[in-house]
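K.L.:
Generate coordinates for the entire structure from the input sequences, incorporating the hints supplied.
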Amino acid sequence: MTMPAIQVSQLSKTYVVPEREAGLSAAFKSLIHRKTREVKAVDQISFTVDEGEIVGFLGPNGAGKTTSLKMLSGLLYPTSGEAHVLGHIPSKRHRDFLSDITLVMGQRNQLVWDIPVIDSLERNRAVYRVPRSDYQSTIDELTELLDLGELLQKPVRNLSLGERMKCEIAAALLHRPSVLFLDEPTIGLDVTMQRRIREFISAYNREHGAAVLLTSHYMADVEALCDRVIVIHHGRVLFDGPLTDLVARFSPHKTIQIELDTESADLSEYGDVVEQEGARYKISVDKAVTPEVTGRLLADLPVIDLTVEDPPIENVIEQVFSSENAES
Amino acid sequence: MRIGILNELAYRMNFLVQLLQSGMSLLTALVGFLVVFSHTETLGDWRPNDILALLGVYLIVGGLVGLLIRPSMSRLMEDVREGTLDYTLTKPEDAQFLVSIAQVRIWKLTDFVLGSIVLGYALFNRGLDVGFDETIAFAVTLTCGGAIVYSFFLILSTLSFWFIRIDNILVIFDAMYQAGRWPIGLYPYWLKFVLTFIVPIAFAITVPAEGLIGRLDAQTLGLDIGVATLMIAVSRLFWRYGLRNYSGASA
Amino acid sequence: MLSIYLAYLKTSIAVMFQYRASMLIWMIWRVIEPIIYLVVWTAVAKSRGGEVGGYTPGTFAAYYIVLMIVQQYTFTWIMHEYEWRVRSGTLSAVLLKPIHPIHSDIADNIGYKVLMTVIIFPAALFIGLLFAPVFTFHADLFILFLLAVVLSYVMRFFIEWALALVAFWTTRNEAFNQVYFLLGLFLTGRIAPLGLLPDWLREVGDALPFQWMLAFPVELLLGRLTNGEIAHGLTMQVLWLVFSFGLHRIVWWRGVRKYSAVGA
Chain A
1 MTMPAIQVSQ LSKTYVVPER EAGLSAAFKS LIHRKTREVK AVDQISFTVD EGEIVGFLGP
61 NGAGKTTSLK MLSGLLYPTS GEAHVLGHIP SKRHRDFLSD ITLVMGQRNQ LVWDIPVIDS
121 LERNRAVYRV PRSDYQSTID ELTELLDLGE LLQKPVRNLS LGERMKCEIA AALLHRPSVL
181 FLDEPTIGLD VTMQRRIREF ISAYNREHGA AVLLTSHYMA DVEALCDRVI VIHHGRVLFD
241 GPLTDLVARF SPHKTIQIEL DTESADLSEY GDVVEQEGAR YKISVDKAVT PEVTGRLLAD
301 LPVIDLTVED PPIENVIEQV FSSENAES
Chain B
1 MRIGILNELA YRMNFLVQLL QSGMSLLTAL VGFLVVFSHT ETLGDWRPND ILALLGVYLI
61 VGGLVGLLIR PSMSRLMEDV REGTLDYTLT KPEDAQFLVS IAQVRIWKLT DFVLGSIVLG
121 YALFNRGLDV GFDETIAFAV TLTCGGAIVY SFFLILSTLS FWFIRIDNIL VIFDAMYQAG
181 RWPIGLYPYW LKFVLTFIVP IAFAITVPAE GLIGRLDAQT LGLDIGVATL MIAVSRLFWR
241 YGLRNYSGAS A
Chain C
1 MLSIYLAYLK TSIAVMFQYR ASMLIWMIWR VIEPIIYLVV WTAVAKSRGG EVGGYTPGTF
61 AAYYIVLMIV QQYTFTWIMH EYEWRVRSGT LSAVLLKPIH PIHSDIADNI GYKVLMTVII
121 FPAALFIGLL FAPVFTFHAD LFILFLLAVV LSYVMRFFIE WALALVAFWT TRNEAFNQVY
181 FLLGLFLTGR IAPLGLLPDW LREVGDALPF QWMLAFPVEL LLGRLTNGEI AHGLTMQVLW
241 LVFSFGLHRI VWWRGVRKYS AVGA
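Chains as they are written, first to last, in my numbering: chain A, 1 to 328; chain B, 1 to 251; chain C, 1 to 264.
Bear in mind the hints are in silico, worked out from the structure with no lab data behind them.
One should not assume that every hint holds.
Listing some non-contacts, in silico: residues in chain C with all C-beta distances to chain A over 12 Å [to be verified]: (1) PHE75; (2) ALA139; (3) LEU144; (4) GLU229; (5) LEU239.
Listed next, with one range per pair, are the computed distances between beta-carbon atoms [claimed, not checked]: (6) B:MET24 with A:THR192: 47 to 57 Å; (7) A:THR192 with B:GLU82: 27 to 37 Å; (8) C:ALA231 with B:GLU82: 57 to 67 Å.
The beta carbon of each residue, even a glycine, is placed where N, CA and C say it ideally should be.
P.N.:
Structure (structure tokens):
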């Protein structure tokens with residue numbers, strides 16, 4: 001039996017934040033005596049990630065995603081609970097542990113701003129004690145997968161956002177870590193660049209069997225990469241399972257898109273008309289009756305085109321959070 | 001969240017930090033003053049209270065420069081770098097006037113206040129011998145000094161139209177400014193020249209202090225007024241020249 | 001480890017080379033300060049008939065030239081660096097590396113010193129030509145002087161590195177840094193040779209490490225110290241070195257715990 005790459009049980013993080021009142025006197029008072037209050041950023045989460053798995057970590061801003069990633073990479077000390085990554089306790093920040101993981105977060109972590117990218121890579125090679133022979137083959141591999149080419153010779157400050165991200169990722173993976181924590185790896189990039197990075201993550205995962213835990217606001221990333229998602233909200237795990245299950249569980253509706261030869265049809269008897277654009281209509285219907293409604297539409301109306309879709313994953317996620325809010 | 005809280009407090013903290021900084025630099029100056037005058041009664045031909053008055057002027061002028069001139073000029077350099085100067089240039093008002101009053105750093109008043117206290121104390125110790133002539137001389141030389149320093153900064157800032165990364169050059173001014181805490185006359189000839197005509201510390205500090213304590217001769221006063229007039233004119237012309245160059249480049 | 005240092009040195013020198021103009025400008029700052037005090041003390045000596053506290057204008061010039069060089073080789077900017085690191089959040093990246101961050105700081109510092117060597121000696125020569133210093137050179141003192149400078153550098157590095165970590169506890173540590181620099185200004189011998197300071201200030205200095213950073217190596221080289229004073233000074237340097245080494249270990253350990261408790 002192999003041990004999971006990441007194992008988390010009952011992990012919590014509580015921040016103590018100072019509370020302030022407005023006004024000058026209050027500010028001076030607070031210099032002497034601070035009122036504080038506790039904020040639960042992560043509240044008893046448990047999950048495991050196996051070797052070779054890519055797991056999407058979803059949730060709105062402030063849900064506790066970044067805090068969790070920081071705890072798993074050893075930057076933050078958990079308030080309670082346990083985490084094991086590759087058999088190590090992250091907060092001990094053991095050298096072997098740090099040498100076998102990577103955290104990509106934001107754009108200015110790995111690279112030295114003023115010098116060519118290749119020099120930063122060389123620096124990382126020394127720090128991570130990557131043998132020269134491995135180093136060259138890794139560089140070649142990364143250059144090909146990420147299409148780095150001439151970028152390596154340019155100073156970082158002359159790179160565009162997307163180019164910088166590619167180089168940042170290359171630097172973060174130079175030591176071929178077995179566990180990758182990626183916090184918004186595609187944020188702010190254009191669509192082509194997003195796809196490129198996505199393909200790269202997927203290829204790296206395939207070739208090295210690395211475990212990947214990634215957060216992203218772009219559902220395209222999640223759909224393309226993750227077989228499994230963990231949804232957290234207010235620091236708690238709301239859902240943990242395959243992406244398809246998430247849709248099935250939280251979205252009781254399907255969307256029927258239909259094109260007719262008329263722009264004035266009244267389709268309200270079949271379901272909620274959520275959108276109409278000329279002769280194109282979108283109707284939201286209950287999942288259970290979808291086949292029946294589809295049959296009726298085709299029988300009753302002069303249909304030119306008809307498709308049945310799951311609602312966009314964004315909407316499903318939104319629904320997950322709003323249902324949680326309604327409950328609490 | 002942390003950032004938000006910090007921002008909320010930033011203003012008050014800035015004030016406290018500035019107060020501390022001003023206090024420290026005053027303390028440094030005073031202890032240095034005491035150490036020096038524990039070994040001698042005169043420095044060059046300056047008496048302790050003259051040096052103290054000079055220190056007061058040093059702090060007052062430093063405060064005024066930090067309050068009124070420097071923030072706007074730093075801002076101008078930044079605006080040129082970021083390309084946001086265009087907003088100012090589109091306003092229906094003289095651009096030099098607008099960029100010169102763009103920003104003030106109010107906390108620098110602490111230097112001004114501390115300097116005034118030191119100056120007041122020094123003049124009191126001298127027996128309050130400041131007459132009508134001295135007051136006029138001080139007012140005139142301080143105004144000229146201000147004009148010269150302003151023009152000096154404007155010329156430097158205008159250079160940023162050509163050389164984007166010039167903000168560091170202000171550090172040179174700070175370094176040289178330190179030298180003005182002591183009478184410029186003490187320095188060897190070449191340094192005196194640098195501190196007078198290249199970085200105009202002498203006109204900013206020493207000359208007004210001399211005016212106030214009645215050491216100023218007519219020749220220096222004339223030179224001061226002449227240089228101020230010339231600098232104002234030159235910096236104005238240079239600014240307009242730079243501006244033409246800038247508009248030409250960005251169009 | 002050596003290859004890591006070489007890689008660090010290579011990048012830090014490459015980075016500094018990008019900022020050569022800024023570095024030159026900062027250098028002016030460090031040359032102006034000793035000149036100011038040299039000028040003031042020369043004036044004092046002249047007003048006293050050419051000598052004060054055992055110094056003449058010529059020996060003052062020698063004192064300040066050597067002081068400038070020693071200051072150049074032993075100073076660190078690490079306290080400002082940490083202030084910036086903690087505020088800008090770049091510390092997290094440092095903590096993720098499987099190596100103690102002090103190594104890259106040491107490499108940066110050495111890299112800077114290497115580069116500055118090409119500027120500081122011409123600057124010293126320049127001041128020397130203008131102020132006519134009076135030197136007496138003893139080869140045996142010079143070797144002891146080198147030892148004292150190395151000790152001063154290592155001791156100073158660990159002290160300031162440990163104090164820089166105050167940034168873990170408060171995000172506005174300028175105040176703390178200011179106090180440190182102010183004390184240093186007087187007690188290292190920059191404003192005046194220590195012998196010219198009033199007694200109460202010297203007593204404060206005796207309890208603190210500052211005098212062993214600059215004043216001691218400088219006065220050693222100028223032949224102003226007795227053998228007993230030299231032995232005492234070297235011992236004090238070693239003691240402060242041991243103390244500051246222990247201090248940096250403890251502060252780092254506690255600082256990281258603190259940092260990882262509150263987050264970045």
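K.L.:
Please go over all the hints and tell whether each is borne out by the structure.
P.N.:
Verification of the hints:
1. Distance check for PHE75 (chain C) against chain A: the nearest CB is about 22 Å away, which clears 12 Å, and the non-interface claim stands.
2. Every C-beta of chain A lies more than 12 Å from that of ALA139 (chain C), the closest at about 39 Å, which supports listing it as non-interface.
3. Consistency note on LEU144 (chain C): stated as away from chain A, and its beta-carbon is indeed over 12 Å from all of that chain's, at 36 Å minimum.
4. Listed as a non-interface residue, GLU229 (chain C) keeps its Cβ farther than 12 Å from every Cβ of chain A; the least gap is roughly 44 Å.
5. Even its closest Cβ contact with chain A, about 32 Å, leaves LEU239 (chain C) beyond 12 Å, as expected for a residue assigned away from the interface.
6. Judged by the Cβ atoms, the range 47 to 57 Å given for MET24 (chain B) and THR192 (chain A) holds: they are separated by roughly 54 Å.
7. At roughly 28 Å, the beta-carbon separation of THR192 (chain A) and GLU82 (chain B) lies within the given 27 to 37 Å, and the hint holds.
8. Range check, ALA231 (chain C) to GLU82 (chain B): about 59 Å between beta-carbon atoms, so the 57 to 67 Å window is met.
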